[in-house]
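Visitor: Sequences listed follow chains W and S, in order.
Heads up: the first sequence runs through residues 234 to 346, numbered per my numbering.
Heads up: the second sequence runs through residues 2 to 112, numbered per my numbering.
Among the hints, erroneous ones may be present.
Unchecked claim - Just some of the chain S residues that point at chain W, by a computed CB distance under 10 Å: (1) G42; (2) F47; (3) S75; (4) A79; (5) S94; (6) F98; (7) G105.
Calculated from the structure, these hints are not laboratory results.
Glycine included, every Cβ here is placed at the ideal spot set by N, Cα and C.
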Amino acid sequence: DVKVTQSSRYLVKRTGEKVFLECVQDMDHENMFWYRQDPGLGLRLIYFSYDVKMKEKGDIPEGYSVSREKKERFSLILESASTNQTSMYLCATRTGHSGNTIYFGEGSWLTVV
Amino acid sequence: GESVGLHLPTLSVQEGDNSIINCAYSNSASDYFIWYKQESGKGPQFIIDIRSNMDKRQGQRVTVLLNKTVKHLSLQIAATQPGDSAVYFCAESDGGFKTIFGAGTRLFVKA
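Just chain S, with the same shape it has in the complex:
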């Protein structure tokens, strides 16, 4: 199938290094944020989420940081592995039915 995100921003990291992927969100009323990982030819996969009453949340090898002052979200991946190569995108919700998805960043992991 055709690749998703042919013109996406790209981040290239060395295996074992930490990766930081950034996202600027648009709606000041958004109170719930999610990071997804999408591998080629597959559907988006939930990674981690955070609510607006938090600044930081940690998962397994991943950390999400939320800065509401500047409407910025970041995903940190520790000890990046080749299997982390994918498109990552953020999503925001204000509690309504519609979720706004970012365009995504393509992560390449060099062995």
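If we strip away everything but chain W, and leave its shape as in the complex, we get:
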């Protein structure tokens, strides 16, 4: 079974803080993704990475950055958290073959106060 682990399930941060969300996968998948999920808006892609040290912007990259130093780990960074970044963040992974299934982690609930 694919395992995608998001180390922080629930976080409360203050406006202006730097926030790190970590994701680790154990399936040697090439592709990794960060989504946010908000009521009524569905899943929106923030960033994705198709290889180590490679990253591409998704649909809503503003206010976020990512880091992929190792194949199994993909980090999402909020440089200066704002209240409109309060959301559920989902990490996902997929093999390098396009069209294959995306597997999700359990999600990280971030509240910015």
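Based on these hints, arrange chain S on the given structure of chain W.
Guide: Coordinates of chain S only, in the frame set by chain W:
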């Protein structure tokens, strides 16, 4: 945590009945489709997938039907159980990096 999908379409079924959840997809070039189940407070979980060269695929208690003519996908759940209560959403891919996800349908199972 806050519930996902507060304004989603809702389907309410009696325990033991069959459920049919529908999805209209947008991209005619999509050739791979997936159904996910998402329980409250958890990440989406893969249920079943289908490629565009197929019309139907069956899993354990679930069947996915694909109608490419009208760009429609459906998920059928046989003998629905209380544990099936969740948000279900479809996803489509055209082979590129981006997968398009539907908004989802909330399934309530009445005991």
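Visitor: Each hint: holds or not?
Guide: Hint by hint, here is what the structure shows:
1. G42: 8 Å, holds
2. F47: Cβ of S:F47 sits 5 Å from chain W, so the hint holds.
3. S75: 19 Å, violated
4. A79: 22 Å, violated
5. S94: Since the shortest Cβ distance to chain W is 5 Å, the answer is holds.
6. F98: Holds, about 6 Å.
7. G105: 7 Å, holds
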